[in-house]
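Student: Protein chains in written order, with this note's numbering: chain F, 1118 to 1231; chain D, 132 to 247.
Think of the hints as simulated: they come from the structure by calculation, not from any bench.
Note that the structure is predicted; figures quoted are calculated from it, not measured.
Just so you know, not all the hints are guaranteed correct.
As the list claims (entries may be wrong) - Straight-line alpha carbon distances no greater than 25 Å define the calculated DMTMM-like cross-link-like pairs of lysine to aspartate or glutamate that follow:
hint, chain 1, residue 1, chain 2, residue 2
1, D, Lys200, D, Glu139
2, D, Lys208, D, Glu146
3, D, Lys153, D, Glu139
4, F, Lys1169, F, Asp1147
5, F, Lys1169, F, Glu1192
6, D, Lys189, F, Asp1159
7, D, Lys200, D, Asp185
8, F, Lys1130, F, Glu1168
9, D, Lys180, F, Asp1147
10, D, Lys180, D, Glu139
11, D, Lys180, F, Glu1199
12, D, Lys208, F, Asp1159
13, F, Lys1130, F, Glu1199
14, D, Lys208, D, Asp185
15, D, Lys153, F, Asp1159
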Amino acid sequence: AAGVIQSPRHLIKEKRETATLKCYPIPRHDTVYWYQQGPGQDPQFLISFYEKMQSDKGSIPDRFSAQQFSDYHSELNMSSLELGDSALYFCASSPTVSGANVLTFGAGSRLTVL
Amino acid sequence: AQSVAQPEDQVNVAEGNPLTVKCTYSVSGNPYLFWYVQYPNRGLQFLLKYITGDNLVKGSYGFEAEFNKSQTSFHLKKPSALVSDSALYFCAVRVISYSSASKIIFGSGTRLSIRP
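My request is simple: use the sequences and hints to build the entire structure.
Tutor: See the structure below:
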């Protein structure tokens, strides 16, 4: 079965650089979520999109932005990277934004900021 | 504020023994509760969920969870632990925001260690 695909799996950047993470949801899933998991931390909700519109916003820094495209894939753009941005970034998708639908997570993109 | 709490950072169990990973929640309205498992350097995998109905929910890999409304708990259980169950377990709750969009928020996680 198709899963949530994230790329790249690993990314190394310098401080103040920019990074872009991509997420391809499960086919026919119209909602995408982004989470950030720091070392030894629980996943923190960043932002979500439903039908290409932002549906909810969490603890996402102003330096970060995201969007969902017409093919439902999503990109998380991170600028002016800081050391504290080093984390595992997860994307998840679900069939709809509401209800008790299960979120299916990708394997994550590990960002290291030097 | 809606939240979940996992009071134990780590749980150690001998293989073959029953295990319990604790979770309590605080939500307004009826809770939608989930358990996810995370293996090293991997994404979160769905184990089970409670929406309504029977308080005992069965999930993947022989896990089950018991919803207790009076104690606002949703403890994860397994009758006989396997070494391969060793992983990080997250309890989660669905949160509905003002926009009626929903997301799930996670507890702090419990590291389960099963010794042979």
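Student: It remains to establish, for every hint, whether it holds in the given structure.
Tutor: Hints versus structure:
Under the criterion of a C-alpha separation no larger than 25 Å, the hint pairing Lys200(D) with Glu139(D) is consistent with the structure, at around 20 Å. For the hint linking Lys208(D) to Glu146(D), the alpha-carbon distance of about 14 Å falls within 25 Å, and the restraint holds. About 7 Å separates the Cα atoms of Lys153(D) and Glu139(D), which keeps this hinted pair within 25 Å; it holds. About 8 Å separates the Cα atoms of Lys1169(F) and Asp1147(F), which keeps this hinted pair within 25 Å; it holds.
Between the alpha carbons of Lys1169(F) and Glu1192(F) the distance comes to roughly 11 Å, so the proposed pair stays at or under 25 Å and holds. Restraint check for Lys189(D) and Asp1159(F): satisfied, since their Cα atoms lie roughly 24 Å apart, inside the 25 Å limit. Proximity of Lys200(D) to Asp185(D) is assessed by CA-CA distance (about 12 Å); at most 25 Å being required, the pair is judged to hold. Restraint check for Lys1130(F) and Glu1168(F): not satisfied, since their Cα atoms lie roughly 31 Å apart, outside the 25 Å limit.
Taken as a hint, the Lys180(D) and Asp1147(F) pair is honoured in the structure, with Cα atoms around 21 Å apart against an allowance of 25 Å. For the proposed pair Lys180(D) and Glu139(D), the alpha carbon gap of about 20 Å is at most 25 Å, so the pair holds. Our distance criterion of 25 Å between C-alpha atoms is broken by Lys180(D) and Glu1199(F), whose separation comes to about 36 Å. Restraint check for Lys208(D) and Asp1159(F): the C-alpha separation of about 21 Å stays at or below 25 Å, so the hint holds.
Taken as a hint, the Lys1130(F) and Glu1199(F) pair is honoured in the structure, with Cα atoms around 10 Å apart against an allowance of 25 Å. A threshold of 25 Å between alpha carbons decides the hint, and for Lys208(D) with Asp185(D) the separation of about 15 Å falls inside it, so the pair holds. Restraint check for Lys153(D) and Asp1159(F): the C-alpha separation of about 16 Å stays at or below 25 Å, so the hint holds.
Violated hints, in rising order: 8 and 11; the structure is consistent with all others.
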